[in-house]
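Top to bottom, those sequences are chains L and W.
Under my numbering, think of the first position of the first sequence as 75, with each following residue one higher.
Under my numbering, think of the first position of the second sequence as 75, with each following residue one higher.
Hint data in this document are derived by calculation from the structure and do not stem from the laboratory.
Mixed in with the good hints there might be a few duds.
Identical chains blur together in the list; that is why a pair holds if it fits in one copy or across any two.
[As the list claims (entries may be wrong)] The list that follows gives simulated cross-link-like pairs (lysine-lysine, DSBU-like), each with its CA atoms no further than 30 Å apart:
id	residue 1	residue 2
1	K164	K182
2	K125	K86
3	K86	K211
4	K182	K139
5	K128	K168
6	K164	K139
7	K128	K164
Number of protein chains: 2
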Amino acid sequence: MPKKTLRVSKIKEGTVIDHITGGHALDVVKILGITGRTNGVVTVAMNVPSKGLKFKDIVKVEGRKLASDEVDKIALLAPRATINIIHNYKVVEKQRVKLPSVIRDIVKCANPACISNSNEPVQSTFYVDREEPLLLKCHYCGYVMEKQDVLKQF
Amino acid sequence: MPKKTLRVSKIKEGTVIDHITGGHALDVVKILGITGRTNGVVTVAMNVPSKGLKFKDIVKVEGRKLASDEVDKIALLAPRATINIIHNYKVVEKQRVKLPSVIRDIVKCANPACISNSNEPVQSTFYVDREEPLLLKCHYCGYVMEKQDVLKQF
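With the sequences and hints as input, model every part of the structure.
So this is what it looks like as structure tokens:
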């Protein structure tokens, strides 16, 4: 058995989310709404040794493209992930997720007293204080959210 | 690319949990305490077409054997699973999980008023009313637990 064998095999059609920070594949699976009760083959590899990242996770979703809000959410939790669209076993599109410095409308402030949680017409807005592990600072109330606070909302 | 390619590649050392009822791999991952923050390579395939089960899930845990209480818990959620111990890429031990008709000490009764939840020295005991989807009936109070009630405890 050669050492370079892929842990998870190639897929014919679908999306490969690669270079997920080691240990975050299950978060990505959650973002994609994959409970296992959903249809379609999904393969996951966790803690795979990787050159750039030391350890990385990979998620392969057969027969499905990701929606842009799903990509935005993945960027929050795995800011170095790459998203490859596969057609007939070939990568036809490659995309790196990008965490913008300002996050709007993807997550809600965890501070219930924040004005963005009132009935005011206010768009939730956060500044990225730190990419990894994630720290988001609310524009309105200054509340600092960690990754776990964000993950709870997905 | 031949059609019969394994979705998840062979492992050198560890445990393969195969024939998990389609959609339950993430439950098994939870039972094994795999959060992704744990060490060791874990690969998961969900909803793979299968002869016997229509769709099955597979979990491969590298460099680890399962404890007997982990096997008992897997039996509750995936009663048709097989557990293969792998050494040097070969199956050296094969075991089918078995759901006994009486379950003791693995789960607690979800009824807070049940005597098994008091300070009395009472061993939690359930009868398996249905294997799949799981229905457990408490010996003491007759409370019927579903799979979700059980899963919450793992």
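Structure-based check of all given hints:
no. : hint          : in the structure
1   : K164 <-> K182 : neither (37 Å within a copy, 49 Å between copies)
2   : K125 <-> K86  : both (25 Å within a copy, 21 Å between copies)
3   : K86 <-> K211  : neither (41 Å within a copy, 45 Å between copies)
4   : K182 <-> K139 : within (25 Å within a copy, 41 Å between copies)
5   : K128 <-> K168 : within (22 Å within a copy, 33 Å between copies)
6   : K164 <-> K139 : within (14 Å within a copy, 36 Å between copies)
7   : K128 <-> K164 : both (26 Å within a copy, 28 Å between copies)
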